[in-house]
Every structure is written in structure tokens, then in C-alpha cells.
Amino acid sequence: MSDHLGVNLKLLCSHYRSIAEVCRKLTINRAQFNKYLSGQSRPTAYNLKRICDFFGVEAYELSLPAEQFADLVGARSGSPETRALGDPLLELLQPLSEYSSSLSRYCGYYFEYSNCMSVPGQILLSLVQLREERGSFLFERQERQEPSRADSGKAEDWVRCRYLGAAFYLQDRLFLLDYESLTGNEMTQTILIPSFKSRISRLNGLKTGVSSGDLRTPACTRVVWEFLGSDINRVNAYRQVMLYSPDDPRIDADIRQRLSGAQIRNGLFEIE
Numbered sequence: 001m002s003d004h005l006g007v008n009l010k011l012l013c014s015h016y017r018s019i020a021e022v023c024r025k026l027t028i029n030r031a032q033f034n035k036y037l038s039g040q041s042r043p044t045a046y047n048l049k050r051i052c053d054f055f056g057v058e059a060y061e062l063s064l065p066a067e068q069f070a071d072l073v074g075a076r077s078g079s080p081e082t083r084a085l086g087d088p089l090l091e092l093l094q095p096l097s098e099y100s101s102s103l104s105r106y107c108g109y110y111f112e113y114s115n116c117m118s119v120p121g122q123i124l125l126s127l128v129q130l131r132e133e134r135g136s137f138l139f140e141r142q143e144r145q146e147p148s149r150a151d152s153g154k155a156e157d158w159v160r161c162r163y164l165g166a167a168f169y170l171q172d173r174l175f176l177l178d179y180e181s182l183t184g185n186e187m188t189q190t191i192l193i194p195s196f197k198s199r200i201s202r203l204n205g206l207k208t209g210v211s212s213g214d215l216r217t218p219a220c221t222r223v224v225w226e227f228l229g230s231d232i233n234r235v236n237a238y239r240q241v242m243l244y245s246p247d248d249p250r251i252d253a254d255i256r257q258r259l260s261g262a263q264i265r266n267g268l269f270e271i272e
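For the sequence shown, counting from 1, position 243 maps to 243 in the UniProt record's numbering; every step adds exactly one.
Calculated from the structure, these hints are not laboratory results. Take the hints with a grain of salt, since some may be wrong.
Derived DSS-like pairs: lysine-lysine, alpha-carbon spacing no greater than 25 Å straight-line [unchecked claim]:
| hint | residue 1 | residue 2 |
| --- | --- | --- |
| 1 | Lys-25 | Lys-10 |
| 2 | Lys-49 | Lys-10 |
| 3 | Lys-49 | Lys-35 |
| 4 | Lys-197 | Lys-207 |
| 5 | Lys-10 | Lys-35 |
| 6 | Lys-25 | Lys-49 |
| 7 | Lys-25 | Lys-35 |
Quick caveat: nothing in here was measured; it's all calculated off a predicted structure.
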């Protein structure tokens with residue numbers, strides 16, 4: 001592990017209220033964690049895996065130079081005000097924030113279930129965090145897909161994707177637009193039907209994107225978001241992020257039914 005570890009860990013911790021909160025969630029001694037931040041010591045292999053699982057990064061990424069790592073996790077140099085000045089793209093999207101209703105009640109963590117676009121016939125389980133930041137609603141989605149080689153099942157060989165995006169609540173529909181932040185070569189759009197019950201459990205919707213294969217085939221799939229809570233064990237949740245066969249007992253019958261139910265009507269792929 002390189003000398004960049006401490007700086008990169010500080011950047012990841014900046015997304016939380018305090019370092020104490022991170023240590024509490026990781027169940028790592030604060031004094032020991034401070035040594036990681038200062039570069040005085042390196043995590044054991046066990047603790048390194050826990051840290052990586054918690055933040056949704058890989059061990060080799062923590063050794064990248066600080067600027068490269070900042071780009072990787074979606075941070076950019078300069079203040080938001082400076083970046084926004086004169087940006088026509090941000091000006092174009094600004095009215096959406098004004099028309100959008102609050103998504104506060106939907107903030108938290110979700111498992112996202114979808115039919116995998118890159119590995120047909122498999123169900124992809126992703127981890128999503130929807131949060132409010134300075135009046136806007138942002139989200140992050142973590143994916144891990146098995147490699148195309150049938151004989152490879154090692155976790156380090158899996159393809160990892162990290163999507164960053166913005167969410168808008170427009171006339172009783174949740175619109176989510178994101179991009180793949182590790183490669184910058186893909187965008188997806190998800191539309192969810194909100195829950196009007198007092199307790200949010202599962203949300204139905206559609207997601208459009210492209211296969212990550214060579215053909216980059218545009219595709220659309222039904223999607224289900226399962227609410228996990230506002231404060232979860234991220235390590236345990238991230239360990240479940242992977243591909244599943246449709247008959248895997250860990251995928252319950254309700255999820256399978258929701259993902260398989262679809263109809264073509266007047267040439268349109270619709271859900272109810």
C-alpha cells in the first residue's frame with residue numbers, strides 16, 4: 001500500500017459527519033484508524049478489506065495518487081460555485097430542481113434488483129444510497145459483475161461499476177439520471193413509481209442503459225428498489241452485491257415476479 005492511503009482515506013471520510021462516525025460503523029479503534037490517516041501504519045489485510053467493503057472501493061484504488069483517486073470517486077478540485085459558473089449543462093438542469101418535490105422521505109439505502117444487461121439471464125443486485133446534499137438529491141449505485149470467463153470466480157476479478165447521479169421527484173414519479181464514474185462511458189436512466197404508504201418497502205420501475213459488452217446494446221429492464229434503512233451495515237450489504245441466478249433462494253418470489261412481469265402495448269414497454 002502506498003503513501004497515498006492516508007490522503008485517500010481522508011477524502012472518503014469527508015463524505016461522513018465525522019471520522020468518529022466512520023470508526024463506529026467500521027468498529028475499528030479510533031486511535032488505530034488515525035494512524036492509517038496519518039500514514040503511521042497500514043491496515044492489516046482483514047481491516048483493509050473491511051474498509052474497502054465499507055466505502056465501496058478496491059484495495060489497489062486506495063494506493064492511487066490523490067488527484068487520480070479524487071477523480072475516481074467523483075470529487076473534483078475547486079469549489080462547487082466555481083465549477084457551476086457559466087456551465088450550460090448545469091443551467092439546463094437547474095429548472096428541474098425548482099419543479100421537483102422533496103425526496104427526503106426516500107433518502108437512505110436500497111438494494112436494487114434488475115435483469116442484468118451485460119449477463120443475460122442473471123439478476124443483478126446493486127447497492128444504492130440516496131441522500132440530500134445542499135438542497136439537491138444525489139445517489140450512488142455500486143455494482144459488481146462476474147467476469148465473462150466462466151472459470152474465474154475470484155472477487156478481485158469481478159467487474160466493478162460505480163454510478164453517480166441526481167434524482168428528481170416530478171409529478172408522482174421518481175426520475176434518476178446517472179453515469180458510470182470509473183470509466184465515464186455509460187449513462188442510465190431509472191424511473192420509479194413512488195410509494196404512498198407510510199412505510200416504504202419496495203418500489204417498482206424501469207431502467208434503460210447499455211450492455212457493457214462489445215456491442216453496447218441499448219436495453220431496458222424492470223427494476224425493483226428494496227428499502228434497507230437510513231443507517232445500515234454497509235459491509236454486510238456490499239458483500240451481497242453480485243449476480244444471482246433467477247432461481248437462487250436468496251431472490252424471493254415477489255422480486256422474481258416483479259422483474260418478470262412486463263407487457264408490450266402499442267409498441268411501448270410498460271409497467272403498472
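Evaluation of the provided hints:
Simply put, Lys-25 and Lys-10 have alpha-carbon atoms about 16 Å apart, close enough for the 25 Å limit, and the pair holds. With a C-alpha separation of about 17 Å, the suggested pairing of Lys-49 with Lys-10 holds against the 25 Å cut-off. In summary, the hint linking Lys-49 to Lys-35 is supported, as the alpha carbons are separated by about 17 Å, within the 25 Å threshold. Using a Cα cut-off of 25 Å, the hinted pair Lys-197 and Lys-207 holds, with the two alpha carbons roughly 23 Å apart.
Proximity of Lys-10 to Lys-35 is assessed by CA-CA distance (about 12 Å); at most 25 Å being required, the pair is judged to hold. Only pairs whose Cα atoms come within 25 Å are accepted, and Lys-25 paired with Lys-49 is accepted, the gap being roughly 14 Å. A C-alpha spacing of about 17 Å is found between Lys-25 and Lys-35, which places the hinted pair at or below 25 Å, so the restraint holds.
Checked against the numbered hints above, the structure violates none of them.
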